[in-house]
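Participant: Top line first, the protein sequences correspond to chains W and H.
Each residue of the first sequence is one higher than the one before, counting from 1 in the working numbering.
Each residue of the second sequence is one higher than the one before, counting from 1 in the working numbering.
Keep in mind that the hints were calculated from the coordinates and are not lab data.
These numbers come from a predicted model, not from an experiment.
Built from N, CA and C at the ideal position, the CB exists for glycine as well.
Worth double-checking, as some hints may not be accurate.
Unchecked claim - Just so you have them, the derived chain W footprint on chain H, three or more residues with Cβ under 8 Å:
#	stretch
1	147-159
2	178-189
3	371-382
2 protein chains.
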Amino acid sequence: MSALHTVATRQLKRRLGARVDVSAAGCWAASFDSSKISFLPVAVITPRVEADIGLVLVLANKYRVPVTVRGRGTTLMGSAAPVRGGWVLDMLKLNRVVIDADAGMAHVGAGAVTADVQRAAATQGWFYPPDPSSKEYCTIGGNIACNAGGMHGGKYGVTRDFVIALRGFLPTGELVQWGTATKKFAAGFNLRDLWIGSEGLLGVVTGAVLKLIPQPAARWTLLTAFTDEVAALKAARVLFRARVQPAICEFLDRESVLCAERATGQTVFPGQAGRPVILLELAGTVSEVKDLQREVLAWARTQALAYRAARNRAEVEALWAVRRKCSGAMFELGDAKLNEDIVIPMRNYEKFAKFLARLKRDSQLPIPTFGHVADGNLHVNIMYHRANALETKAAEAAVQQLMKTVVAMGGAISGEHGIGLAKTPFLRLQHNPAQVKAMLAVKKALDPRGICNPGKMFSVVRIWKFPKLAIQLPWDHK
Amino acid sequence: MSALHTVATRQLKRRLGARVDVSAAGCWAASFDSSKISFLPVAVITPRVEADIGLVLVLANKYRVPVTVRGRGTTLMGSAAPVRGGWVLDMLKLNRVVIDADAGMAHVGAGAVTADVQRAAATQGWFYPPDPSSKEYCTIGGNIACNAGGMHGGKYGVTRDFVIALRGFLPTGELVQWGTATKKFAAGFNLRDLWIGSEGLLGVVTGAVLKLIPQPAARWTLLTAFTDEVAALKAARVLFRARVQPAICEFLDRESVLCAERATGQTVFPGQAGRPVILLELAGTVSEVKDLQREVLAWARTQALAYRAARNRAEVEALWAVRRKCSGAMFELGDAKLNEDIVIPMRNYEKFAKFLARLKRDSQLPIPTFGHVADGNLHVNIMYHRANALETKAAEAAVQQLMKTVVAMGGAISGEHGIGLAKTPFLRLQHNPAQVKAMLAVKKALDPRGICNPGKMFSVVRIWKFPKLAIQLPWDHK
Numbered sequence: 001m002s003a004l005h006t007v008a009t010r011q012l013k014r015r016l017g018a019r020v021d022v023s024a025a026g027c028w029a030a031s032f033d034s035s036k037i038s039f040l041p042v043a044v045i046t047p048r049v050e051a052d053i054g055l056v057l058v059l060a061n062k063y064r065v066p067v068t069v070r071g072r073g074t075t076l077m078g079s080a081a082p083v084r085g086g087w088v089l090d091m092l093k094l095n096r097v098v099i100d101a102d103a104g105m106a107h108v109g110a111g112a113v114t115a116d117v118q119r120a121a122a123t124q125g126w127f128y129p130p131d132p133s134s135k136e137y138c139t140i141g142g143n144i145a146c147n148a149g150g151m152h153g154g155k156y157g158v159t160r161d162f163v164i165a166l167r168g169f170l171p172t173g174e175l176v177q178w179g180t181a182t183k184k185f186a187a188g189f190n191l192r193d194l195w196i197g198s199e200g201l202l203g204v205v206t207g208a209v210l211k212l213i214p215q216p217a218a219r220w221t222l223l224t225a226f227t228d229e230v231a232a233l234k235a236a237r238v239l240f241r242a243r244v245q246p247a248i249c250e251f252l253d254r255e256s257v258l259c260a261e262r263a264t265g266q267t268v269f270p271g272q273a274g275r276p277v278i279l280l281e282l283a284g285t286v287s288e289v290k291d292l293q294r295e296v297l298a299w300a301r302t303q304a305l306a307y308r309a310a311r312n313r314a315e316v317e318a319l320w321a322v323r324r325k326c327s328g329a330m331f332e333l334g335d336a337k338l339n340e341d342i343v344i345p346m347r348n349y350e351k352f353a354k355f356l357a358r359l360k361r362d363s364q365l366p367i368p369t370f371g372h373v374a375d376g377n378l379h380v381n382i383m384y385h386r387a388n389a390l391e392t393k394a395a396e397a398a399v400q401q402l403m404k405t406v407v408a409m410g411g412a413i414s415g416e417h418g419i420g421l422a423k424t425p426f427l428r429l430q431h432n433p434a435q436v437k438a439m440l441a442v443k444k445a446l447d448p449r450g451i452c453n454p455g456k457m458f459s460v461v462r463i464w465k466f467p468k469l470a471i472q473l474p475w476d477h478k
Numbered sequence: 001m002s003a004l005h006t007v008a009t010r011q012l013k014r015r016l017g018a019r020v021d022v023s024a025a026g027c028w029a030a031s032f033d034s035s036k037i038s039f040l041p042v043a044v045i046t047p048r049v050e051a052d053i054g055l056v057l058v059l060a061n062k063y064r065v066p067v068t069v070r071g072r073g074t075t076l077m078g079s080a081a082p083v084r085g086g087w088v089l090d091m092l093k094l095n096r097v098v099i100d101a102d103a104g105m106a107h108v109g110a111g112a113v114t115a116d117v118q119r120a121a122a123t124q125g126w127f128y129p130p131d132p133s134s135k136e137y138c139t140i141g142g143n144i145a146c147n148a149g150g151m152h153g154g155k156y157g158v159t160r161d162f163v164i165a166l167r168g169f170l171p172t173g174e175l176v177q178w179g180t181a182t183k184k185f186a187a188g189f190n191l192r193d194l195w196i197g198s199e200g201l202l203g204v205v206t207g208a209v210l211k212l213i214p215q216p217a218a219r220w221t222l223l224t225a226f227t228d229e230v231a232a233l234k235a236a237r238v239l240f241r242a243r244v245q246p247a248i249c250e251f252l253d254r255e256s257v258l259c260a261e262r263a264t265g266q267t268v269f270p271g272q273a274g275r276p277v278i279l280l281e282l283a284g285t286v287s288e289v290k291d292l293q294r295e296v297l298a299w300a301r302t303q304a305l306a307y308r309a310a311r312n313r314a315e316v317e318a319l320w321a322v323r324r325k326c327s328g329a330m331f332e333l334g335d336a337k338l339n340e341d342i343v344i345p346m347r348n349y350e351k352f353a354k355f356l357a358r359l360k361r362d363s364q365l366p367i368p369t370f371g372h373v374a375d376g377n378l379h380v381n382i383m384y385h386r387a388n389a390l391e392t393k394a395a396e397a398a399v400q401q402l403m404k405t406v407v408a409m410g411g412a413i414s415g416e417h418g419i420g421l422a423k424t425p426f427l428r429l430q431h432n433p434a435q436v437k438a439m440l441a442v443k444k445a446l447d448p449r450g451i452c453n454p455g456k457m458f459s460v461v462r463i464w465k466f467p468k469l470a471i472q473l474p475w476d477h478k
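So that you can see chain W by itself, here it is in the shape it has in the complex (with noise of 0.2 Å):
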């Protein structure tokens, strides 16, 4: 810790009293999010109101302290970790949630859990789409800074199409607001989107405006089985041709099937053991949802090698229990995972799923393969294990071939996670050199100092090289 960050922590300290934390127990604990690489910060604040934060901004500049805003550091991809050390800000206690019932529209603090917003939301007949799997733990402010996603993402739109307004503090600490409580806006330059998805680089959110939708009265649950990857991908993209839009469409490859069903004792699909899947879910008013049902069986019916529909809630939870159950159940694949969040245009859906048959036999390595197939975006995980030398750079091999793959077929290299640390040496396959340079040239027009979540993004960090923690998370798949 430099003499400066003393200096800068001790006037903190003053001002701010209990706020700021400095013990080695809460610095240790805000020193990782989910990927479970630790950096130790020299201290963590805790703001009660919003103009705490300014404080620890105005003071951040002076002396040129990094700032890593964290909500309950979910995100798998380092986002979180305070790389540089510097100040924590943990946004937790502003969890305040406020529906207005009459505009669809939900007043929330960046620290409010997105399940939490859901559910206040419901009570009101007002729904809130995205659901990333974390959402009873992950916050809105997370979800913003990420962009976060979710099943819902196909039919309904991801973290950004539900964000009105924001409220929070440029990096030199001044307050601002990007937008009203109103769903058109058309004043200035858009600085609410640009701060979306910005992983806390361009400033620190404190509040949202989130649009509500109205609460579907129905839901209707179907299982289908695909003789091979690319008869389901094919399937999918039959389905979307015939502009039927489940509000879910969920995608697991033979590896992830085997993967639940070694976890669970049981068969994904009775009669199809093995066999990859996709499971949708139809949702809206009950005589849309009995239209589109109408639709998919017929489709099914062509298209899949089996199909079941749930004739009931529980069975329905059994469904959709599987489909949760596949993450966690890799690790007895390997203990150690490139968790990629790729997009995949629909026009490349087949093609894909060649490509990665033909990267799992290369490689030699399990990838088992799941995600959301009414936006492209999919879960590619590539299992090793850590003390194998030759695992470990198949491991890196294969991460860099899809990611070149992706990229080429006019994918994304990521969907919902964000860049953070871990996603850093694919940056720049995505964007080029002007593009990347124009980000730079915003990032120093709002944050001079660089204070802002320093070292995450832009500078190239291979994280499968760090060590990892050896601690399981509320929130980690079982």
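Fit chain H to the given chain W structure using the hints.
Facilitator: Chain H in isolation, oriented as in the chain W frame:
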């Protein structure tokens, strides 16, 4: 024209030949948009291929020539007028429209006409909802520049909600691409959305990938009349609180209704002459519309003075014809119009109706007001006679009062028109000094020489003091 600009234009002409028009007629035609205030450029460039634009920008930077991009110039805000002279880039030739019917996306050039995109999508069963009233003329590039809205905004959203990816040039001349043809993208800063609504100040858009949604199979139109404006806006709030989302929900105040009635010689709602109305349209699947219809009729029975459903296509057309007539007919009330498109949060609907009644009374001016009540975006038209100094002064005072009140009520000074020149006096009511400073910093970062659409958004211009061309444009409201 400066000597440098002459040198630059000569070089440009040598490189691009007939694509550069320096004729008086050509320059005059590009000297104004629908604000009808003329500022002569020194050349108009019509790019045939993207690379032409890179060349233009490189030369413009070298010689500091202002560059103003135009589509059809339907904006009323002066955003496409070359207020500082220089070069105009005319994008109309870049008008490609390709529909990807599998993915539900349109790949379009910036010069593609909005209604052409809608028609191309419709032939394949897809729907592009944003529908500015000039949609038969205006271009997607222009829609992106001002984040255009239209009548469908409340349920479906505005241009921003349908832009998946953008291509174009940084002000410094490099080709960039923001996003991929995928619904999810979370890699790097989001300069796509920073560009949208930035009115050509941060780059030149050459093409876009647009999201489409399934074409609604059914539509149903209902006209409702109310005792007064407060009752009408209260009734709208009751409808939205019940989570009924009409595809279109248009409000016309008494003065707007009277304008339409005078223009057509017909009564808008027979038996309810001169009453404020709400005209709404439901859209969706056949059974969805049937469900909603029941709810809307129940609402109309309790809330409206009278209501009337269109029984056939001809009746639907007749109802919407009224809505289209009201704007042009206003020029019977004055030869000048301050055309505002403010946005009011739903919670303040009735309060705003009362304010508007006071404003009309105090200013002694006709202020016919109509607009999109599903999103609070109201077109407030302050009518006066230019030659009448008292009226002109009253109009200026009224617009100031309007904007202050809108911001005090938590609303937006523009919902879909943008700032351009016309709303520059009000930008700082909406945005605090830190917000403006951040916007200017971003501008400087991306356009260090300030060549892209200079003089817009941030420099205060009182557009009503400029002489207006006495011309009729094809898209002028008749």
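Participant: Look at each hint and say if it fits the structure.
Facilitator: Okay, the hints, checked on the actual structure:
1. Counting residues of the stretch 147-159 of chain H whose beta carbon lies closer than 8 Å to any beta carbon of chain W gives 6, which reaches the threshold of three, so the coverage claim holds.
2. Under the rule that three or more residues need a Cβ within less than 8 Å of chain W, the assignment of the stretch 178-189 of chain H holds, with 12 such residues.
3. Chain W is given as covering the stretch 371-382 of chain H, and this holds because 5 residues of the stretch bring a CB closer than 8 Å to a CB of that chain, at least three being needed.
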